[in-house]
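Asker: Protein sequence lines correspond, in order, to chains A and B. Taking the numbering used here, the leading residue of the first sequence gets 1, the next gets one more, and so forth. Taking the numbering used here, the leading residue of the second sequence gets 290, the next gets one more, and so forth.
Just so you know, not all the hints are guaranteed correct.
Chain B stretches covered by chain A per the calculated footprint, using a threshold of three residues with CB under 8 Å from any CB of chain A [claimed, not checked]: (1) 294–303; (2) 363–374; (3) 411–422.
A few chain A positions that, by computed beta-carbon distances, are all more than 12 Å from chain B [unchecked claim]: (4) S4; (5) Q5; (6) R9; (7) P37; (8) P95; (9) L113; (10) A129; (11) D130; (12) L139; (13) Q153; (14) T213; (15) R254; (16) E266.
Reference excerpt, derived from the structure (chain A facing chain B, CB under 7 Å, subset only) [said to hold, decoys possible]: (17) F36; (18) E261; (19) C262.
Read the hints as simulated data drawn from the structure, not as lab findings. Values in this document were obtained by computation on a predicted structure and should not be read as measured data. Positions of the beta carbon are idealized from the N, C-alpha and C atoms, including for glycine.
There are 2 protein chains.
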Amino acid sequence: MDDSQRIERRLASLVSEAGGSGCAPGLAAAVHHAVFPGGARIRPHLCLAVARACGGAASPGALAAATSIELLHCASLVHDDLPCFDNAATRRGVPSVHRAYGERLAVLAGDALIVLAFETMANEQACTADRRLALIGTLARAAGMPWGIVAGQALECEPQVVLSDYQQAKTGALFAAATVAGAQAVGADPAPWRAVGEYLGEAYQVADDIGDTNGNAEDLGKPTGRDAELGRPNAVGHLGLVAASTRLQELVARARAAIPECPGGEELRTRFSGFTQQLLQPRRARPAA
Amino acid sequence: MDDSQRIERRLASLVSEAGGSGCAPGLAAAVHHAVFPGGARIRPHLCLAVARACGGAASPGALAAATSIELLHCASLVHDDLPCFDNAATRRGVPSVHRAYGERLAVLAGDALIVLAFETMANEQACTADRRLALIGTLARAAGMPWGIVAGQALECEPQVVLSDYQQAKTGALFAAATVAGAQAVGADPAPWRAVGEYLGEAYQVADDIGDTNGNAEDLGKPTGRDAELGRPNAVGHLGLVAASTRLQELVARARAAIPECPGGEELRTRFSGFTQQLLQPRRARPAA
């Protein structure tokens, strides 16, 4: 089974189990809609790739961490799309959760996905208790306050924002969780992996900003031009298109350079080489990292 | 230090730490507003009371669990008050979070509180790793799908609802978490404690429904008559006031009877005796269980 299959199957089983046993059918459907069909699942792929680079192929702990991270990502998309934020009508080429199921179930689906992420990690019996707790700490740091994705999203409500702080929290935090968790899940030292994830996350955010400015809605599966419309921080608006593209390349190069010595380091560096182009491809068809 | 002080101090330190270190100031303020000033903190008091009854006075694990449960409760209040749900202008006698800080920060404050609850439990070093994981499982079950408070809230979006299912999930789940966690935190068998919490939670919901129908907004610190207005399940609407009051008394009696043999069982039973009256008192002044 390849990584994509492992990720999809685990997500499917988690979502189906959570939404079974007499769960409110509307909530179960909204949660399923939030997770399927997925995008490129770039964060869980990154987590598994790092676990493999650290010598832990097919680690159950890494798969639990990878899917937990994707659940947190899906939760943030559902809440970011709400009318009070982006008021996005579409996501991944289909109606956003609040358009398909209403605002109330969109709020609750996001909440339920956050809970499910922690529950998934806590329940992974194949991983030692200490590792599970460390991974839960990594998830919490990436999701919450003071610098996780929720805190990053909250910077949109501040009158002035440092762009790099915003990108680090809003996107970098969950990418960093993916690389750190990949190492933690197989017992490798996670410390050097944080920078790898942070660089990739910032690169991803810059690519997203380029897509928002220069992409088209059909390719991206979501509306474009939203940052300018909503007055949100955007690297292209901030730096211009040429400098933003240069910045993107620099960030991927830094991520490659930050990969520590590990059994599969060379393979991972090779994989990252094509990352800049992959990031700029339409989101729905983007291959995994 | 009494239980109230322990609970308030721990909550204050958790909220202050999460909102420090460069966290978006609006989010930090919204989260603080969601947690302080508190209500009766009935769930964390219940958790600590059960831990004490099981022989574990002043257990750090129980305090972590108790405050985590209160954080989940605060998160649910913030999201329940949103314009798409109750559109409540006030809560605990002050403006609701979305009125004071806007809808966006209210959504994010709820999200951040859910994350903080799990983070708090994962970080409690004074508790063994296995106990922390069991307690995280208890929190997740109470909060999420298929029968936690989020799933209970989602039943409001269903065309037909069995009242007891709604009450069990919306309120009973977190009360059950409080009693179960109190036992788990001190290494006692948690199984018999679930029923105690479920009965008390249902009693609390019935009292809340009586307050919504017969109370006044100033005493309760929140608007009344909302259930009828919003077409939500309400025990008084369903059963009538007399039968609802009888039901409340029955449920508290069942909770008392379900307390298992334990070192402080008699003291706890005595404490529960006054619970019916306490539940019917104005919320802002209600003494702890």
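Asker: None of the hints should be skipped; say for each whether it holds.
Answerer: Hint check results:
{"no.": "1", "hint": "294–303", "verdict": "violated (count 0)"}
{"no.": "2", "hint": "363–374", "verdict": "holds (count 5)"}
{"no.": "3", "hint": "411–422", "verdict": "holds (count 6)"}
{"no.": "4", "hint": "S4", "verdict": "holds (25 Å)"}
{"no.": "5", "hint": "Q5", "verdict": "holds (24 Å)"}
{"no.": "6", "hint": "R9", "verdict": "holds (19 Å)"}
{"no.": "7", "hint": "P37", "verdict": "holds (20 Å)"}
{"no.": "8", "hint": "P95", "verdict": "holds (17 Å)"}
{"no.": "9", "hint": "L113", "verdict": "violated (9 Å)"}
{"no.": "10", "hint": "A129", "verdict": "violated (4 Å)"}
{"no.": "11", "hint": "D130", "verdict": "violated (5 Å)"}
{"no.": "12", "hint": "L139", "verdict": "violated (8 Å)"}
{"no.": "13", "hint": "Q153", "verdict": "violated (6 Å)"}
{"no.": "14", "hint": "T213", "verdict": "holds (23 Å)"}
{"no.": "15", "hint": "R254", "verdict": "holds (22 Å)"}
{"no.": "16", "hint": "E266", "verdict": "holds (35 Å)"}
{"no.": "17", "hint": "F36", "verdict": "violated (15 Å)"}
{"no.": "18", "hint": "E261", "verdict": "violated (30 Å)"}
{"no.": "19", "hint": "C262", "verdict": "violated (26 Å)"}
Going down the numbered hints, you'll see the structure goes against 1, 9, 10, 11, 12, 13, 17, 18 and 19, while the others check out.
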